[in-house]
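Input sequences plus hints: build the corresponding full structure.
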Amino acid sequence: MYLKSMYPDVPPLPPGNVHNLCLRQPAQDDWPDYTVQIELKTGKTRSFREFVQRVDYAATALGASVDKGGLGLSAENNDIIGIMSENCMDYATFVQACLAIATPFALISSYSTRFELKHALELSRTTCLFVDEKFVPLVLGAADEVGISSMRIYVMTGCVSGRKSFSQMIDEVRMKGIEKVGVKHVDEDTLAYLLFSSGTSGLPKAVMVTHGNIKYTLGQIIAVTDEAVDVYMPPPPKTPDGIPRTLAFLPMHHTYGLHVYCINPFLSPNTMVILPKWNTDVVLSVIPKYKITHLTFVPSVVHQLLLHPQTSKTDFSSVMVVVCGAAYLPTELGQRMAALMPAEAAIVEAFGMSECTTTALSQPFPGTLGGRGKKVLGSTGVLRPGIEARIVREDGSEADFDEVGELWVKGGNITRGYLNNDKANKEMYVDGWLRTGDRFKVNREGYFFYADRAKDTLKVSGAQVSPVEIENVLLSHPQRIIRDAAVAGVSGGRTSDEKVPRAWVVLSESGKKMGMNAVIRELEKWHQDNLSKYKWLRGGIEVIEEVPKNPTGKTLKRVLQDKYENDMARVKGRL
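UniProt numbering applies: residue 1 is where the sequence shown begins, and numbers increase by one.
Think of the hints as simulated: they come from the structure by calculation, not from any bench.
Dumping the calculated DSS-like pairs for lysine-lysine here, alpha-carbon to alpha-carbon at most 30 Å:
id, residue 1, residue 2
1, Lys513, Lys313
2, Lys512, Lys533
3, Lys41, Lys134
4, Lys499, Lys459
5, Lys533, Lys455
6, Lys291, Lys41
7, Lys277, Lys313
8, Lys410, Lys375
9, Lys533, Lys459
10, Lys441, Lys426
Below, the structure is given as structure tokens:
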């Protein structure tokens, strides 16, 4: 079926560079000079106006011509500026400076191996790089292989002898009084940045995100916020200055972290409390100490929080909003997480992907949308403003209400495709629609319910089997003997191309006390008692130390599948 968002349309926004919407709004002149960033690693703080001024200096350092003291980077020269850094104060500075000069940047994962880095550099055609001190040796080797000059590698954080750092460049512009370059005008379809897809089904692809895409996502936030304030006015934040505080720990090289920490915060005053990366112990101490009001979670960190012994002792009373996205969050885990937070806190689940710039679905605030907005247990929510959707069967026909099919979406936030990948573009982008590769069902009220990844779905004896359903059953064992699970298809079916479900599980503390063999026997009985026979784990159950995931919590099932198939091939080779 076809659906259109029940929200009002996205409001018209000024044409041109998205940077103007972030940091050049006339209303910002009346804002207090609040603390916009607190960096836990260094203890440094930065006020809003200091940040804006630093972005001006950074834009000049990057974009001013070489003869004037800058690097002379520009889209006209086909420059792509790579950044490979952990979260830091100047990540947002870098992002806003690149947007201002309209020179595309490539967000390279700080977790990259040499192979992954080389692939990212070749794919994005990066011309220069800003990297943390500790990544310089890795980057030098990979850059040499792809033909990037060593002289074009700069330091993002830290200090490396003979290499200029981002901070040094900014200081030079300030001290020398180099004339500012200003904000460059662009069209809506001007490339803003390249973001690498998660790679859950193969090598990552470079998603092309435009200035228009980013502006549209900001317009969606404005539309959703306008709906919420019509029915609810939140109490003042429990922070010393009355300004909301967001704990910034998601990787800023991912679309989720990039937008919530480097782009969205400037629509209204908000303080980012920045961690280099996730650390459960640190997070649990920081939330009460800094009176954190906004938490942006992914399922993997929810798992870790719920299993940590200090979580039940942590004061979450300052928390006002919790958003969980990037991957599917089982209903039971969501309920347990919500129970930790204040009763009045808004708990929001959302669905998005890099190809949607950010979000396609989210749970509405109760009472909004003319009373249609409500909390629906197990639902990922409704279409974001301006989004159209279809639920499509395997044969390409339209699914009915409450029938599972692939989610196709269309809207101003849908990206223009993958860089230099015609095959993937033809597969994913069809007549203006994005095929998400995720399967949902939708009820007659317009609420969406996640089923599974279309590519993960198995056919066993002609019947469809959802790995997510099996995972949920395993995780729901009443004794909580496992803390994580992944289910995927492996060889062993009745035909050479039929895959059977296999589970990889991580023991909880109670599971470890029970013992590996006892846990496997218990899970065998549990899932067979609760699932139809064709859904049984004919591929077996294996205990592992950790389920491999990318930095935002998406399970890398192909890693588990490849290892299993290789192990089986070696066994057969010895027989």
